[in-house]
Amino acid sequence: MTWTDRLLTFLLYALGVVFVAALVHLIAVLAMPELAPNDVYARLSAFAKTAAGPLLLPQPLPGRALTPFEDPALAQAVCMFDLSHGSLHVRGDVDHEGFVSLSFRSRDGRIFYAMTDKSAVHGKIDVRVLTEPQLEALQEQDDEDNPPQELRLVAPQVQGFVLISALLAYPSERAAAGARALAINCAPEAIAQN
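Each step along the sequence shown adds one to the number in this note's numbering, with nothing skipped, and position 156 is 156.
It is worth saying that the hints were derived from the structure and are not from the lab.
Hints are supplied without guarantee of correctness; some may be wrong.
[As the list claims (entries may be wrong)] Derived Cβ-Cβ restraints for the label pairs, each shown as a range:
1) K124 x P72: 21 to 31 Å
2) A169 x A31: 33 to 43 Å
3) L8 x R110: 23 to 33 Å
4) L8 x L151: 53 to 63 Å
5) F69 x V18: 23 to 33 Å
6) V158 x V18: 36 to 46 Å
7) S45 x A179: 17 to 27 Å
8) R91 x D145: 21 to 31 Å
9) A169 x S84: 39 to 49 Å
For clarity, every value in this text was computed on a predicted model and none was experimentally measured.
We put the CB at the ideal spot given by N, CA and C, even for glycine.
Based on the sequences and whatever the hints tell you, model everything.
Okay, structure coming up:
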């Protein structure tokens, strides 16, 4: 066996090891959300189990984060939803004194829509989160002469949550930022089925 044969054998072996390691890593990363029992939805559900509207999350501390990558410069509130009981209506008045953002997330934590206070129409946020059948039922009830002004979002999963974040420039502004986050109301609403 010549040195070129040994080099080719080593390179093929090394390439095989790298390929198997990359495949195992990819499978582990993709399977983790399905296999993790204490995902972000489970942690938030346990925290907000009795809340009917938005609930202010505690100030993030090292090692005690409810959501991934919590930022201490944000006051956050959460609205849990289960669309099997009706749509979720998210609305509120926003002033342009501070930054507010909303991220609509499915049960597995993936964002399916995000918006900021800059997208508010005349200082009002009005969003309805629903399933495809609920959207069809709501569209049947719409008046063609007066189209709805609300933004309608079809959620990819029946369960999920809305994360409302308000920016604070200084730690002393936490209460005011929390009040801005809680100014966004969210409540389930039934849709009459024809």
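| said: I want to verify a distance hint. Is the separation of the beta carbons of L8 and L151 within 53 to 63 Å? | reply: holds, 60 Å
| Could one say that the CB atoms of V158 and V18 fall in the range 36 to 46 Å? | Holds, since V158 and V18 (Cβ atoms, about 41 Å apart) stay within the stated range.
| request: Just tell me: holds or violated, for the beta carbon distance of A169 and A31 against 33 to 43 Å? | output: Roughly 41 Å apart at Cβ, these two residues keep to the hinted range, so it holds.
| Satisfaction of the hinted span 23 to 33 Å by the C-beta atoms belonging to F69 and V18 | This hint holds: roughly 30 Å between Cβ atoms.
| Range agreement (Cβ of P72 with Cβ of K124, hint 21 to 31 Å) | holds, 29 Å
| request: For the range 23 to 33 Å, tell me whether the beta carbons of L8 and R110 fit it or not. | output: violated, 44 Å
| Does the Cβ pair R91, D145 satisfy 21 to 31 Å? | holds, 23 Å
| message | Range first: 17 to 27 Å. Now tell me if the beta carbons of S45 and A179 are that far apart. | response | This hint holds: roughly 24 Å between Cβ atoms.
| task | With respect to the beta-carbon atoms only, verify the hint that A169 and S84 lie 39 to 49 Å apart. | result | Once the Cβ atoms are compared, 40 Å apart, the range 39 to 49 Å for S84 and A169 holds.
Going down the numbered hints, you'll see the structure goes against just number 3.
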